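These protein sequence lines map, in sequence, to chains A and B. 454 is the number that the working numbering gives to position 249 of the first sequence; each next residue is one higher, with no gaps. 220 is the number that the working numbering gives to position 217 of the second sequence; each next residue is one higher, with no gaps.
For the record, the hints were derived by calculation from the structure and aren't laboratory data. The structure displayed is predicted, hence computed values, not measured ones. Some hints here could point you the wrong way.
Said to hold, decoys possible - With a cut-off of at most 27 Å between alpha-carbon atoms, the simulated DSSO-like pairs for lysine-lysine come out as follows:
id, chain 1, residue 1, chain 2, residue 2
1, B, 185, A, 275
2, B, 90, A, 221
3, A, 338, B, 271
4, A, 319, A, 280
5, A, 319, B, 90
6, B, 226, A, 338
7, A, 313, B, 185
8, A, 319, B, 185
9, A, 313, B, 90
10, A, 333, B, 271
11, B, 187, A, 333
12, A, 373, A, 333
13, B, 92, A, 280
14, B, 187, A, 310
15, A, 262, B, 271
16, A, 275, B, 187
17, A, 338, A, 319
18, A, 543, A, 432
19, A, 310, B, 185
20, A, 373, A, 359
21, A, 333, A, 359
22, A, 262, A, 280
23, B, 185, A, 280
24, A, 275, A, 212
25, B, 185, A, 359
26, A, 359, B, 187
27, B, 185, A, 307
28, A, 307, B, 187
29, A, 506, A, 543
30, B, 185, A, 262
31, A, 338, B, 185
32, A, 221, B, 92
33, A, 307, B, 271
34, A, 313, B, 271
Stated by the list, open to error - Some chain B residues well away from chain A (every beta-carbon gap over 10 Å; in silico):
id, residue
35, 40
36, 59
37, 126
38, 237
The C-beta atom is built at its ideal place from N, Cα and C for all residues, glycine as well.
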Amino acid sequence: MAFVDLKDICVSYDGKTNVLEGLNLQINEGELVSLLGPSGCGKTTTLRVVAGYIDTKSGDFLVGGQNYTKIPVHKRNFGIVFQSYALFPHLTVFENVAFGLKMRKMDKATIEQKVNNMLEICGLTEYKDRLPKQMSGGQRQRVALARALVIEPKLLLLDEPLSNLDAKLRIQMRVEIKRLQKKLGITTIFVTHDQEECFSISDRVAIMNGGVIEQYDTPENIYAKPKTEFVARFIGFENFISVDRQDDGTYKALDYIFKCDNSDLKQAKITIRPDDILIVDEASNLNSISGTIQVRTFLGKSYQYEVSTPIGNLIVNGDGNKVYETGETLHLYLPENKIVLV
Amino acid sequence: MKKSMPYLFLLPGIVLLIFFLMVPLFAILWPTLFPDGFSLSAYTSFFTDEYYIEILIRTIRIALIAAIVCIILGVPSAYFISRCSAKWKGILIAISIFPMLTNSVVRSFAWINILGKNGVINNLLMAIGIVDEPIGMLYTEFSVLIGTIYLFLPLMIMTLVGVMDQIDNDMMEAAESLGASKLKAFIKVVLPLSVPGILTGAVLVFTGALTAYTTPQLLGGNKSLVLATLIYQRAMTLNDWSGAGVIAAVMIIITLVVMKVLNLIAAKLDKRGEIDA
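The following block holds chain B by itself, in its conformation from the complex:
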């Protein structure tokens, strides 16, 4: 009786997951495989449709580029923050997670104001005379990318600060004393030790960017569809729930595969050891 008690506490959570996640998920995926009798036709028609393939590749491309740009921007920022005093660290972390504190619609409207035909950038470029007519930046892959990176960079920075805080500054100093410039010491010592954090951050950004809906909807519109917006279009506009289910299944599989691969890489590269005696 006593031994089974801990499992009893799991029950509410499990019930919640089964009825509100697994059942609906199953209800969506089941018709894609069994329209009437087992058939993969829904999937073959998805993967043979060039339009869908284009959206699939665009989605992966956006998620991948967002993850890479977040690594490039996040690593130096996170390192800088992790070397600050406790007081400044708090302030800088608050500033860097600011994009996550705003509502995603408001956030996207801000970018519409910046990138739009009458937006800040176009007005500026025209005023200086670099361009004669506004550049179409909004509703492109570029605008979706900007919005996505803006949204997910804080996630990357937070993950990396956590890892980099663990790297003793003595190690940087030791590397310097052995003849490494600050940059070289960073590359040879801090970077390898941050790999687990970089990969965790990359998984978070990639899966987040892959499934994000509001940002690509508002900044990409119908011209730059991604899988998430495509699902909405299929289900809500065209009432094709089976088609939406197929896309959902594809997204889930991509996410799982990417997570697995990155976890394998992380396990291989993670050579951090404890410093304590």
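Just chain A, with the same shape it has in the complex:
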């Protein structure tokens, strides 16, 4: 049985429309799971339900077999890192980290030892007497993390913790988070809208849209085999072509025939990443199409072309070896194993 179990969670702010629609999510012990989606998809709401800040309309939330649905926030023992860090500005770094332990009425020596140990792990020992305003964004982030971890939480909840950091620090911090999470073995839920960030540190990813989870799988599987058009679009697929399934298992759009790996599915669209379309010298009659370049944009390592074809405009990334001009005719090949059906 899963360690964390969200069962048919419904949440509504106004009593009429549901923000979460019967959400189900299972997380194993020690796993780092990300909730990924555009703003308004319900990912933060889900996290706040888990944290206990929002009451559910219906559904159950279990951790380790115990029902947490009605347990108030301060009795849940979950560590939470906020986007704003929410450090207490009137307390020093040490006092901030010690706050949770003081609330648990631990004796002074134990608190001192635990806090110092956690500051050590997070590389904050030299800053322990500073106030939050005297620290940089990355350091505050670490204080927030230390404060959430020192209480030895059952769950660690991270609400877009990296979005206030600059790009370089963000990568550094996400490695740090992953390292700490694995070291301490804490089951973690990570909310983000950044696909790269989420794929890089998660064991599993739940992609959310409109209050439901569209796909819940490992980053590798989601990247290679998105299940729905929404997921495919969200993780960088373009070129959605409506197709009809034929008796021999191939798919047909106008007179063009496409063959793809998992052709047992009977669905109506094929999709492929701009990177995976090959520009070839001659069009064949399978998985191929020709068209003229409408727009060319420079991406740095290569050019991206918008190619007008009989089945619609396709976005193609060139390989950088040869540059084509606007108006030129391109022959495109869509490799069988790169096409995904949604």
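Add chain B to chain A, keeping to what the hints say.
Frame of chain A, contents of chain B only:
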């Protein structure tokens, strides 16, 4: 020429202050120190007169209790208001500053109607049979206190709402997640961060209560004199302008001392830091 221009704009204000505030103030205080040649006798006779000392202590006591009660009533109200949505915040602030919108005479008459011998409270108590004859609530220190608190609570609430609006709700939630109940989170996080506002509000209420005239005059009468009403009595009824000047000087000094002390405390306790990165 250009550099002195900004100072030129200060001139009207300075002239106004000098001729209409500093000069009259000086004209009142000068005779208290120099009746004919320098002498502190006016002050020593004030501070040795038990009657005056009683009034002085009563005034400070009323101002102090009013400030404390305003803190106790104001902090939870202000916190509640600051956590409301913008729409409700507007409505609640309008309601809470309502006492300041009425004329002080009208306001005090309302309290006379409530606290008087034939007032609402006494009639009610007698009707239920808790008391046999009306309790004398009016023209006591109690009635002055009620009127003063009623008048100055809005000031405290407004000051505190301003400060508490700055406290990010994430901090309350963070405290809760770390094991603090809502009450404990309030005490450990919101309260310390509100200290500057509480002290500013306390200064406003204290100095306001110390110098208020209409409310203690109408609700305290001649039985519960305070410094402000005493000044009026000295100057207008007894035509003792020197005596009134002494009291005025004492009031000014108390106000300045209290403001200074509270400002020092505020500077010491204010540990708010910026949240932004």
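Hint by hint, here is what the structure shows:
1. 185/B <-> 275/A: Holds: residue 185/B and residue 275/A sit about 16 Å apart, inside 27 Å.
2. 90/B <-> 221/A: 21 Å, holds
3. 338/A <-> 271/B: Given that 27 Å is the threshold and the Cα spacing comes to 17 Å, the pair holds.
4. 319/A <-> 280/A: 20 Å, holds
5. 319/A <-> 90/B: 45 Å, violated
6. 226/B <-> 338/A: 54 Å, violated
7. 313/A <-> 185/B: At roughly 24 Å apart (the allowed maximum being 27 Å), residue 185/B and residue 313/A satisfy the hint.
8. 319/A <-> 185/B: Between residue 319/A and residue 185/B the Cα gap is close to 25 Å, so the pair holds against 27 Å.
9. 313/A <-> 90/B: 45 Å, violated
10. 333/A <-> 271/B: 21 Å, holds
11. 187/B <-> 333/A: 24 Å, holds
12. 373/A <-> 333/A: Between residue 373/A and residue 333/A the Cα gap is close to 24 Å, so the pair holds against 27 Å.
13. 92/B <-> 280/A: 31 Å, violated
14. 187/B <-> 310/A: 13 Å, holds
15. 262/A <-> 271/B: 47 Å, violated
16. 275/A <-> 187/B: Since the Cα atoms of residue 275/A and residue 187/B sit roughly 20 Å apart, the hinted pair holds (cutoff 27 Å).
17. 338/A <-> 319/A: The hint holds at about 24 Å.
18. 543/A <-> 432/A: Holds. Residue 543/A to residue 432/A sits at ~14 Å (cutoff 27 Å).
19. 310/A <-> 185/B: 17 Å, holds
20. 373/A <-> 359/A: 30 Å, violated
21. 333/A <-> 359/A: Holds, at roughly 25 Å.
22. 262/A <-> 280/A: 21 Å, holds
23. 185/B <-> 280/A: Cα-Cα ~11 Å, so holds.
24. 275/A <-> 212/A: Given pair residue 275/A, residue 212/A holds - Cα atoms ~14 Å apart, limit 27 Å.
25. 185/B <-> 359/A: Cα-Cα ~21 Å, so holds.
26. 359/A <-> 187/B: Holds, at roughly 22 Å.
27. 185/B <-> 307/A: 15 Å, holds
28. 307/A <-> 187/B: Given that 27 Å is the threshold and the Cα spacing comes to 11 Å, the pair holds.
29. 506/A <-> 543/A: 21 Å, holds
30. 185/B <-> 262/A: 22 Å, holds
31. 338/A <-> 185/B: OK: residue 338/A and residue 185/B at ~25 Å, within 27 Å.
32. 221/A <-> 92/B: 25 Å, holds
33. 307/A <-> 271/B: 24 Å, holds
34. 313/A <-> 271/B: 26 Å, holds
35. 40: 55 Å, holds
36. 59: Consistent with the label, residue 59/B stays out of reach of chain A, its closest Cβ about 37 Å off (over 10 Å).
37. 126: It holds; residue 126/B is separated from chain A by about 45 Å at its closest Cβ, greater than 10 Å.
38. 237: 47 Å, holds
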